[in-house]
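**Student:** For reference, the chains in residue letters:
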Amino acid sequence: MARKLMISVSPHIKSPLTTQKIMLDVIIALIPALIASVYFFGLRALIVTLFCIGVSVVAQYLFELLCKRDIEVGDLSAVVTGMLLGFNLPVTIPLWQAAIGSVFAIIVVKELFGGIGHNFANPAITARIMMLLSFSGTMTNWARLEGAELVAGATPLAALKEGATKELPSLLDMFLGNIGGSLGETSALALIIGGIYLVARRVIKWHTPVCFVATVFVGSLLYSGFDVNFALYQILSGGLMLGAIFMATDYSTTPPTPLGKVVFGIGCGLITLVIRLWGTNPEGVSYAILLMNILAPYIVKLTRHKIFGAKKITKGGAAA
Amino acid sequence: MALKSVKIPHRKNTKDAKPIRMDAPQLLYFSAVQHIGAPAKPTVKIGDEVKVGTLIFEAAGAISSPVYSSVSGKVKKIEDMLQSNGTYQQCIVIENDGQMTLDESIKAPEINDYESFVSAVFASGVVGLGGAGFPTAVKLDVKDVSRIEQIIINGAECEPYITSDTRTMLDRADDIAFGVELLKKYLGAKNIIFGIENNKSECIAEMKKIAGVEVKALPSIYPQGAEKVLVYNTTGKVIEEGKLPIDAGVIVINCTTLAAVASYVKTGLPLVEKCVTVDGSAVNEPKNVIVPIGTPVSAVFEFCGGFKEEPAKVIYGGPMMGVSIADMNVPVTKQTNALIALNEQDATPKKTTSCIRCGRCTNTCPFGLAPVAFAKALEQNDMEAMKHLHANLCMECGCCAYVCPAGIPLVQQNKMAKAALAAYLKKEKEEKK
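Protein chains in written order, with this note's numbering: chain A, 28 to 347; chain B, 27 to 459.
So that you can see chain A by itself, here it is in the shape it has in the complex (with noise of 0.2 Å):
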């Protein structure tokens, strides 16, 4: 015979589902945001979500280059990382700070962990937070388009924070997404329709989402003792959306059975309730998946899947 034959351990066919393409589905399923934003910001928030895209991965390929490691640009992960980073930021933010924030994202919390996997807490929502603590001045100058210029203005999440109730937009706007905040969290209606794109294509699970809003919502009814209008400015507004869909369904940050990803949401949420409702901070959402994100991995030892037909073992001995 001319060839060899190969050998390998079965299965010898698999899916045809590859990291590449999940990326890709989670690009398509932000392109409504992406959309959005530009079309309540102005052009510029496609230059500084292009910007971030383009930092994020010419740095991971010069980084695994350097490192002399598998170049690994192609899974689109990096891509992934940038819009989500971008999305995270005021239309305003200078680019060398968005440059700042892209490269910390890439290197310090996704490479230098080991890459693709291996970090322990989502790239874009840590390089949010030390760009929030960093560059605090351009990271809450909110601004909006009116007309053709942008104008400077609170987000809803900081005048309900000041009780500045009168001040808020309508709910349909909140829907909408033209309101002040971050570039790509405005629009539920757009982030919600990528959410729907993933489920469908079974990239995340509805879990998270679902369990990290429903608890914002429900705990905002008790707070203010069942005012419905509250409860709906409090999902509507801030990152909430962006990070219940996008953020916290990351796969290497958060755990992998349903049963862990309903700890995962509802942890999130109440740690979202109370920096909102109590804390100084007007916003919570990333310091809540941060810190979902390091209790993670005793979230995922704790809910693993029950095994079928598993027999106790007693402690110390074998398998009784």
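You may find that some hints are simply not true.
As the list claims (entries may be wrong) - Derived SDA-like pairs: lysine to any residue, alpha-carbon spacing no greater than 20 Å straight-line:
no. : chain 1 : residue 1 : chain 2 : residue 2
1   : A       : Lys338    : B       : Asp123
2   : B       : Lys41     : B       : Glu311
3   : B       : Lys30     : A       : Arg331
4   : B       : Lys402    : A       : Leu322
5   : B       : Lys263    : A       : Gly336
6   : A       : Lys48     : B       : Val429
7   : B       : Lys377    : A       : Ile34
8   : A       : Lys41     : B       : Val349
9   : A       : Lys339    : B       : Ile265
10  : B       : Lys377    : A       : Leu322
11  : B       : Lys444    : A       : Asp97
12  : A       : Lys41     : B       : Thr374
13  : B       : Lys169    : B       : Lys103
14  : A       : Lys333    : B       : Asn217
15  : A       : Lys41     : B       : Gly268
16  : A       : Lys95     : B       : Glu410
17  : B       : Lys377    : A       : Lys328
18  : A       : Lys41     : B       : Gln116
19  : B       : Lys452    : B       : Gly268
20  : B       : Lys103    : B       : Ser131
21  : A       : Lys333    : B       : Lys103
22  : B       : Lys30     : A       : Leu322
23  : A       : Lys338    : B       : Lys444
24  : B       : Lys216    : B       : Ser172
25  : A       : Lys328    : B       : Thr374
26  : A       : Lys31     : B       : Pro375
27  : A       : Lys31     : B       : Val429
28  : B       : Lys413    : B       : Ser380
29  : B       : Lys103    : B       : Gln116
30  : B       : Lys376    : A       : Val100
What the hints assert, rightly or not - Covered stretches of chain A, as calculated for chain B (at least 3 residues, CB under 8 Å):
no. : segment
31  : 35-42
32  : 117-126
33  : 271-284
No lab work stands behind these hints: they were computed from the structure.
Where a beta carbon is used, it is the ideal one built from N, C-alpha and C, also for glycine.
Mind docking chain B on chain A? Use the hints.
**Tutor:** Just chain B, lined up with the frame of chain A:
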């Protein structure tokens, strides 16, 4: 609660292909190991004349099975030869005289009670023909037949490509019906359940014609035909760790196995041939072939018109759990139910990339195991953790590796994890003594 599963392509291209009997080649190779258990012992020497149905290997001990010649001719050699699983085993090489003379001693066995039925099954040389190869007589030898609450006939055939069980149900329905009668008569079985995937509606209709059995149409999902899965999906019973189906009052028999037992009881001709599905992207004429046991794989492919493309991988069994073979001279054995030859494109494995911890492996494992956690425990040599992860329960069905987007060979890792855990538990046991 439903067990997790995966949807895999069915590729049952040969389901309408009635099996065609091929002529035996000039040289046939009979392995001593065509079953789970002790290798059988040769009963013939070089130069001996054999006929169709002549005993050439006798069972060595209780968990073993005899082997019979599928042709008439002369014993040419007895030597160790490469087998499908990559090991070398003792083989008897028989030169076919082309006469196919039947051994005179062949006559229908005398059966009048449970014991004589079990010994007849033992003598038939029949083993689990679904692919596992567990001696059927050992399975039926439950000592006390009152333990049997249900007998499940496995017609799930959940592996892609394979249609040999489908053909058995369609073409040998009378054998299966006779087998059911035997089970009722000698095992006192009252509750006989056929488990068949719903992509085989003709088989379901055919089996429904058999009196006094229940036919369950099961979803066509993988691994529906795995023993523990099938028992759970047909009866709701859970086979506990370390237990056999009979401990839960259940016996599972593959439909082709049952037909083979019935055919032996009718005629006295032991298991000497096997219906094999030949398919795959490299095969010229995919079909079902009745192959004399001992025929080299290469001769079976030749019978199917050879290859239209050079095969890059040849699988012995289904693509999910079958073994890839290194050499096409390995023989067809009792358990061979399919030979799949894949072309370069189909055989090329998905590139392995980093684990992204998506959790698809644990979320699709029928038993809820966590392959990624096995790998970690193995890396850290933490066998206490491995014990709690129950790596030993992995049945190597391949769902995890199938769905993995990173193309990680998870079954390979699981096998290593299982071996390491088994060694650790053995040592632990010895230390306790």
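**Student:** For each hint, tell me whether it holds in the structure or not.
**Tutor:** Going down the list of hints, with the structure as the test:
With a C-alpha separation of about 56 Å, the suggested pairing of Lys338/A with Asp123/B is violated against the 20 Å cut-off. For the suggested pair Lys41/B and Glu311/B, the alpha carbons sit about 13 Å apart, so the restraint of at most 20 Å is met. At roughly 14 Å between alpha-carbon atoms, Lys30/B and Arg331/A fall within 20 Å of each other, so this suggested pair holds. Of the pairs offered as hints, the one joining Lys402/B and Leu322/A holds, with about 19 Å between alpha carbons and a cut-off of 20 Å not exceeded.
Under the criterion of a C-alpha separation no larger than 20 Å, the hint pairing Lys263/B with Gly336/A is consistent with the structure, at around 10 Å. Proximity of Lys48/A to Val429/B is assessed by CA-CA distance (about 13 Å); at most 20 Å being required, the pair is judged to hold. Taking the CA atoms of Lys377/B and Ile34/A, the gap is about 15 Å. The hint holds against a cut of 20 Å. Note on Lys41/A and Val349/B: the hinted pairing holds, with a Cα-Cα distance of about 15 Å set against a maximum of 20 Å.
Of the supplied pair hints, the one linking Lys339/A and Ile265/B holds, its CA atoms being roughly 14 Å apart against a limit of 20 Å. With a C-alpha separation of about 32 Å, the suggested pair Lys377/B and Leu322/A falls outside the 20 Å cut-off, and the hint is violated. Between the alpha carbons of Lys444/B and Asp97/A the distance comes to roughly 30 Å, so the proposed pair goes past 20 Å and is violated. Pair hint Lys41/A plus Thr374/B holds up; C-alpha atoms about 10 Å apart against a cutoff of 20 Å.
Simply put, Lys169/B and Lys103/B have alpha-carbon atoms about 40 Å apart, too far for the 20 Å limit, and the pair is violated. A hinted pair counts as satisfied when its Cα atoms are at most 20 Å apart, and Lys333/A with Asn217/B does not qualify at roughly 30 Å. A distance of roughly 30 Å separates the Cα atoms of Lys41/A and Gly268/B; the hinted pair therefore is violated under the 20 Å criterion. Between Lys95/A and Glu410/B the alpha-carbon distance is near 36 Å, which puts this suggested pair outside the 20 Å criterion.
In summary, the hint linking Lys377/B to Lys328/A is not supported, as the alpha carbons are separated by about 29 Å, beyond the 20 Å threshold. About 35 Å separates the Cα atoms of Lys41/A and Gln116/B, which puts this hinted pair outside 20 Å; it is violated. A hinted pair counts as satisfied when its Cα atoms are at most 20 Å apart, and Lys452/B with Gly268/B qualifies at roughly 15 Å. Proposed proximity of Lys103/B and Ser131/B is contradicted: the alpha carbons are some 24 Å apart, above 20 Å.
Between Lys333/A and Lys103/B the alpha-carbon distance is near 53 Å, which puts this suggested pair outside the 20 Å criterion. The suggested pairing of Lys30/B with Leu322/A is violated, with an alpha-carbon distance near 27 Å, which exceeds 20 Å. Proposed proximity of Lys338/A and Lys444/B is supported: the alpha carbons are some 16 Å apart, at most 20 Å. The straight-line distance between the Cα atoms of Lys216/B and Ser172/B is roughly 11 Å, inside the 20 Å bound, and the hint therefore holds.
Straight-line distance between C-alpha atoms of Lys328/A and Thr374/B comes to about 35 Å, which puts the hinted pair past the 20 Å bound. Of the pairs offered as hints, the one joining Lys31/A and Pro375/B holds, with about 16 Å between alpha carbons and a cut-off of 20 Å not exceeded. In summary, the hint linking Lys31/A to Val429/B is not supported, as the alpha carbons are separated by about 28 Å, beyond the 20 Å threshold. For the suggested pair Lys413/B and Ser380/B, the alpha carbons sit about 26 Å apart, so the restraint of at most 20 Å is broken.
Distance restraint check for Lys103/B and Gln116/B: the Cα-Cα separation of roughly 10 Å lies within the 20 Å cut-off, and the hinted pair is therefore satisfied. Among the hinted pairs, Lys376/B with Val100/A is consistent with the structure: their alpha-carbon atoms are about 17 Å apart, no more than 20 Å. Counting residues of the segment 35-42 of chain A whose beta carbon lies closer than 8 Å to any beta carbon of chain B gives 8, which reaches the threshold of three, so the coverage claim holds. Proximity of the segment 117-126 of chain A to chain B, defined as three or more residues with a beta carbon under 8 Å from a beta carbon of that chain, is not established by the 0 residues found.
Look at the segment 271-284 of chain A against chain B: 5 of its residues bring a Cβ nearer than 8 Å to a Cβ of that chain, three or more, so the hint holds.
Hints 1, 10, 11, 13, 14, 15, 16, 17, 18, 20, 21, 22, 25, 27, 28, 32 from the earlier list are contradicted by this structure; the remaining hints agree with it.
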